[in-house]
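Visitor: Protein chains in written order, with UniProt numbering: chain A, 1 to 341; chain B, 1 to 341.
Hints were generated in silico from the structure; no laboratory data involved. Any given hint could be a false lead.
Claimed, not checked - Just so you have them, the derived chain A footprint on chain B, three or more residues with Cβ under 8 Å: (1) 80-86; (2) 90-101; (3) 171-179; (4) 321-335.
Beta carbons: idealized from backbone N, C-alpha and C, even for Gly.
There are 2 protein chains.
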Amino acid sequence: MKKGHQVTMKEIAKKLGVSVSTISRALKDSPELHPETKRKIVEMAKEMNYQPNLLAQSLRISRTKTLGVIVPEITSHFFASCISGIQDHANKRGYNVMICQSNESIDQEIANIKTLVASQVDALLISLSRETNHYEHLYELYSREIPFVLFDRVHEEIPVSKVTFNDAGGAYQVTHHLLEMGCRNIVYVSGPEDLYISKKRKEGYLKALDEYGIKENPELIKISDLTEEGNIRVAQEILMMEPKPDGVFCMIDPVAVDVLTYWKSKGVKVPEEFALAGFTNNPTSAVVEPPLTTVSQPGYEMGKLAVSHLLDQLDGLASDDPISIVLDTTLVPRKSSQKTI
Amino acid sequence: MKKGHQVTMKEIAKKLGVSVSTISRALKDSPELHPETKRKIVEMAKEMNYQPNLLAQSLRISRTKTLGVIVPEITSHFFASCISGIQDHANKRGYNVMICQSNESIDQEIANIKTLVASQVDALLISLSRETNHYEHLYELYSREIPFVLFDRVHEEIPVSKVTFNDAGGAYQVTHHLLEMGCRNIVYVSGPEDLYISKKRKEGYLKALDEYGIKENPELIKISDLTEEGNIRVAQEILMMEPKPDGVFCMIDPVAVDVLTYWKSKGVKVPEEFALAGFTNNPTSAVVEPPLTTVSQPGYEMGKLAVSHLLDQLDGLASDDPISIVLDTTLVPRKSSQKTI
DNA sequence: GGTGACCTGATGCCCTTTCTTCATGATTTT
DNA sequence: AAAATCATGAAGAAAGGGCATCAGGTCACC
């Protein structure tokens, strides 16, 4: 299968008996051309349905007006929202977007970076995979002076701009809420401990406890590998804990949903026996029964801010010095945490 | 902010005192080069961290190894799954993917096509927006011989390959199921009537009714504009219908979820008063209370098939003659339709 | 002198941009 | 008043960007 022929400037030039440069000037509306010649050329270009070859243009000016985006997973609603925000605002400023997913694999992430760089994207927006525990590929980008920003899943040390949520703040909000609902024995279901968000959300959890004079209790911190099995295992463990906890804060909504589903199947009552809360405000969390208390993270907004800042840097509208943008989260209290004391 | 310098073949050539063509040959492992020279060049290229400039390459061979994808909405789980399937399998075959969303707007759709074509993508995968009611932009692609396939939201007349679900079959499955559950007075909540899927699913709905000797009753066909308000309006209308229907089949899950949520707030019991079913098998439909009977459409699979066929055509592995791939759907019976007669 | 191994030069892909050229009419000079 | 000079407007030629490839070219060796 072959692509049909594309009209080039050369062909227009031939047809009109002028040089290619004249065509170029006419199409760029250069003042140093006779208006009449210009008119004729523009007309002919339209008639022949001329479309400039962005490839050649890019090669010439060595800018592709294309951004690369790497997310762990496109099918996650949160990341899809981020992409949507990036898309819309990149387009608005004349940029295209190439999207890759790392599928939570560091090797895939490295491969993605490689292809995007080879495709000459002008800059990258990256959200790290769960597996990413070394950062040479990022430092290489940095040393090759390829602009990029990190969002949501970031590596703190590297001196580039980052856009994150106030994870600690959000966890504080939700834990504080559970405390207000009367819980005093709150489990934190964390993801793998080396994850940035695992750490940050634990911080907020502990801070809220501390304000209520409750000391950290390692027994109350459960680690899940974030698979469905892992989540259910944690749900089982919690049921067997002694003394029985009264509240559970899950690092992300899907964990909470798995726990809830499992408990429901075992006849455990939420919120009566356990107040339950998640984090992220996935669409599912609003429709489960009971609706899940969570913390909303506006993904679209995050994408928008990340890309706007990046393009500002690219276009020289913002300083190249790395900045850190921290977005606030909002507590979304729902029925799953309305514990009757 | 500027991009750092990229090593070119020219530079390697200079450093080693050979010609650019030699470098090119060495890197392509051409047999007409002395192995020793080849070794030296490859080594130097690695050392200097040479990355071929895909842009120049593309300009040369006039293939970008990039595909353009246009979907109505990235944040929809179904389309995200399609993209995921497209991504994975395109990458597997050495292609990159540029993704755009039309946001259900035909103007945006046309604009997307334009940018992608200007960016010299080798081919396109398109799922039409809801607004798309004329098809000149597609015929133009066709006449310009730019390969493309349509998936899910297709235009039947145009002679290009299409990948769709057996929408009529799925609707038949679900309606048949409702009939088996004892419903005899089944409402079909459709989207706008000119939508391809509105029509197709209605076909299946009517066929199932027909098999049970039930005649089409226009009163039982409700149209929603698919907004939340529209869906709720329909939910209200159904409550006031006389005689009272016993089953409701919604064209897509979100409609069913909105209806369900509204009814629950009004104390209407599902499935006792109404058996309810949707279509698509969104993640939410599994977790609502009661879980929603629906029809599963494997989006990942659809994306995979669409891109595989397209690349087969592109690579000459498949004939250019348009084909139509129809994927079967699977009924997912859940509690929302377990009507006790 | 022919052959084959190995390598180079030039050209093209398409567009932009700088440098040049050419013509025209105005201004200055003789 | 005629010739020389200049300014200006309009358009062409050519280079450059990185890569691939066709057509040569060089050299050693049979």
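Visitor: Compare the structure with each hint and give your call.
Guide: How the hints compare with the structure:
1. Proximity of the region 80-86 of chain B to chain A, defined as three or more residues with a beta carbon under 8 Å from a beta carbon of that chain, is established by the 4 residues found.
2. For the region 90-101 of chain B, the stated coverage by chain A is satisfied: 7 residues place a CB nearer than 8 Å to a CB of that chain, which reaches the threshold of 3.
3. Counting residues of the region 171-179 of chain B whose beta carbon lies closer than 8 Å to any beta carbon of chain A gives 0, which falls below the threshold of three, so the coverage claim is violated.
4. By the rule of at least three residues with a Cβ nearer than 8 Å to a Cβ of chain A, the coverage given for the region 321-335 of chain B is violated, with 0 such residues.
Against the hints set out earlier in the document, violations occur for numbers 3 and 4.
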